[in-house]
Amino acid sequence: MNKAQLIDQMAERAELTKQEAARALDAFLATVSDTLARGGDVTLVGFGTFQVDERAARKGRNPKTGEVVEIAAAKMPKFRPGKALKDAVNG
1 MNKAQLIDQM AERAELTKQE AARALDAFLA TVSDTLARGG DVTLVGFGTF
51 QVDERAARKG RNPKTGEVVE IAAAKMPKFR PGKALKDAVN G
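Following our numbering from start to finish, the sequence shown increments by one per residue and tops out at 91.
FYI, nobody ran anything at the bench for these hints, they're computed from the structure.
Using 20 Å as the maximum straight-line C-alpha spacing, the simulated EDC-like pairs for lysine to aspartate or glutamate come out as follows: (1) K78 <-> E54; (2) K78 <-> D41; (3) K3 <-> E15; (4) K75 <-> E54; (5) K75 <-> D53; (6) K75 <-> D41; (7) K83 <-> D41; (8) K3 <-> E20; (9) K18 <-> D8; (10) K75 <-> D34; (11) K78 <-> D26; (12) K59 <-> E70; (13) K78 <-> D53; (14) K78 <-> D34; (15) K3 <-> D26.
Generate the whole structure from the sequences, applying the supplied hints.
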């Protein structure tokens, strides 16, 4: 499912116009992104948790040349599904 299909489904289920659903989805994504960028977590009970995980610096290897390269530390967004979502997927 892509973003347009998601907006269509949201509009239908919530009885909104497609424009209202698109604004709601954009606001949700912006809020989650801003919260994660500030180091916070977003927890939706039953659905899951969006959080930031820190990856340590490490050494890697360029597959083309075999040269050892230093990979910088990075913050990575992460999603951990909740029990209700897991149960829905595993039916």
